[in-house]
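Trainee: The chain contents come next:
There are 2 protein chains.
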Amino acid sequence: MLQSFRAKELPKVEEAMLTFIEEHTSNQSLAESMAYSVKAGGKRIRPLIVLTTAASFSNSIDVNTYHVAAALEMIHTYSLIHDDLPAMDDDDLRRGKPTNHKVFGEALAILAGDGLLTGAFQLVSETSLESDKQVLLVQLLAKAAGSEGMVAGQAGDMAAEKQQVSLEELMAIHRAKTGALLTYAFVAGGILANQTDYVIEQLQKLGEHIGLAFQIRDDLLDVVGTTEELGKNVGQDAKQEKSTYPALLGVSGAKEALQKELDQATQVIEELKEAEDFDSGLFQELIRLFAL
Amino acid sequence: MLQSFRAKELPKVEEAMLTFIEEHTSNQSLAESMAYSVKAGGKRIRPLIVLTTAASFSNSIDVNTYHVAAALEMIHTYSLIHDDLPAMDDDDLRRGKPTNHKVFGEALAILAGDGLLTGAFQLVSETSLESDKQVLLVQLLAKAAGSEGMVAGQAGDMAAEKQQVSLEELMAIHRAKTGALLTYAFVAGGILANQTDYVIEQLQKLGEHIGLAFQIRDDLLDVVGTTEELGKNVGQDAKQEKSTYPALLGVSGAKEALQKELDQATQVIEELKEAEDFDSGLFQELIRLFAL
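First to last, the sequence lines map onto chains Y and F. 256 is the number that the numbering used here gives to position 254 of the first sequence; each next residue is one higher, with no gaps. 212 is the number that the numbering used here gives to position 210 of the second sequence; each next residue is one higher, with no gaps.
Quick caveat, the hints were computed from the structure, so don't treat them as lab data. Any given hint might turn out to be false.
[As the list claims (entries may be wrong)] Below, a sample of chain F positions facing chain Y; criterion: calculated Cβ distance under 7 Å:
| hint | residue |
| --- | --- |
| 1 | T27 |
| 2 | S28 |
| 3 | H84 |
| 4 | A89 |
| 5 | M90 |
| 6 | V105 |
| 7 | T120 |
| 8 | S127 |
| 9 | D281 |
| 10 | G283 |
Computed from a prediction, not measured in an experiment: that's the story for all the values here. Backbone N, C-alpha and C define an ideal beta-carbon position, used for all residues, glycine too.
Could you build the full structure based on these sequences and the hints that come with them?
Mentor: Below, the structure is given as structure tokens:
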């Protein structure tokens, strides 16, 4: 079910991103650089969560849903472009392709990131949603993506590379670095589906568990995966002496921690079944994407 | 009058920016890097325009006005941090102080820019303005700052460094690079003061003339100014063989072009006198800031 949902719905998010770039970029090289990273693909997990959440409640996805999902993926894409820069993680390969700065140069890569980040807010503010909802979606997106969310997490992650950090510190970094945006995906889906504060709170919890699961899994794959499978170089974390879950907990300890987060996510979904018009089918499949 | 207005009002914009960083940044080094560039000062011309415009119509500036002005200055500040990076203009000195990446390193400078950019949208969306107005202010800010505005202008500017461009192309680049954000300052002031579409249109025109005047003056100062006066190295444009107004028009031709833009700005202000409750006093002084 998720398979066909994804195949049917994600191309519309893709289209929303590329249409935005085409219509709202007045410099050709900049447009090419932005579109290159958007087209590089990836799992599109964040927009998939927005769409899945909206569909699980109301089964009514419209153009605004695609646009909010597209905005979120544009923010994720910008963060990858900036993270890959020589001054940051210095990655040459992303999703099996040369990173943005390898193709377009550092300057244009920085600007493409800036353009995608700014464009995300333009996209949300240009939807036909009620103004109250637009303001809330902009506000929560900025909180999740900015200096109390993803950007702070990235700064913390960089600092952590230079020293050993505790499990608690590692979790705090990841809550900000990847968790905040994944949580936003669930919450935004709930807002788009007109859900109550109680449901939004549950979605927030769900997002937090999935956010940690995502990071633990990512760390594990860097140890047990292959470059071919992942489309990026593996073993990078160990090479850079990064603090990771496998490094702190061992591989089997990290696997247990992952399972614990997934179990808790499943429990939240059980509670969501109390909500009106909620169909848990897509969510149950979605959770499995975060298992090893 | 403008002198005392500025002395009274700008510190509140300064405070709004620093309070935002303090309250909404969850990584200490990131907060320091963001605050460093905000505190580096500068002329604060964009927030001054927002406040002057709002005050010229309604003479009622409130906390929301300061926050929108602060958001705009945060965007301007982020753009300077990113523009100064080695991959871009590679500047060591800004406003008489070492540039952000010289103090905090490139990675943190990139993130500080990202944080200020994202924070600007958070600040606008957290005002207590009517939702419709917030959405409009977010939308226009994103358009002015993003890939059809400032970011595109910066990409165009970089490309222009490598070749001779015509006066027309140069003007198009500057309209995007500096004009869009300066125009937003006037328009946002008008929106905050609840002005009619006609008045907003006039403010848009005023912004466009002032935007070009600003850039012509900036280019001229790089030729006729001193490092001490400007707090940045002069003669950089010629060194980098940049296309500038003095390079294309000669110094006296550029001075004439500047005067023409200022005359047209004065004419728009004359027309604005038709608007209700409009006091042109501050505007007339403001225009003089853009003369040599």
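Trainee: Against each hint, give a clear statement of whether it holds in the structure.
Mentor: Right, here's what the structure says about each hint:
1. T27: OK, holds: T27/F within 7 Å of chain Y, min 4 Å.
2. S28: holds (4 Å)
3. H84: At about 6 Å, which falls below the 7 Å cut-off, the nearest Cβ of chain Y leaves the hint on H84/F intact, so it holds.
4. A89: holds (3 Å)
5. M90: holds (5 Å)
6. V105: violated (14 Å)
7. T120: holds (3 Å)
8. S127: holds (4 Å)
9. D281: violated (31 Å)
10. G283: violated (34 Å)
Going through the hint list in order, the structure does not satisfy hints 6, 9, 10.
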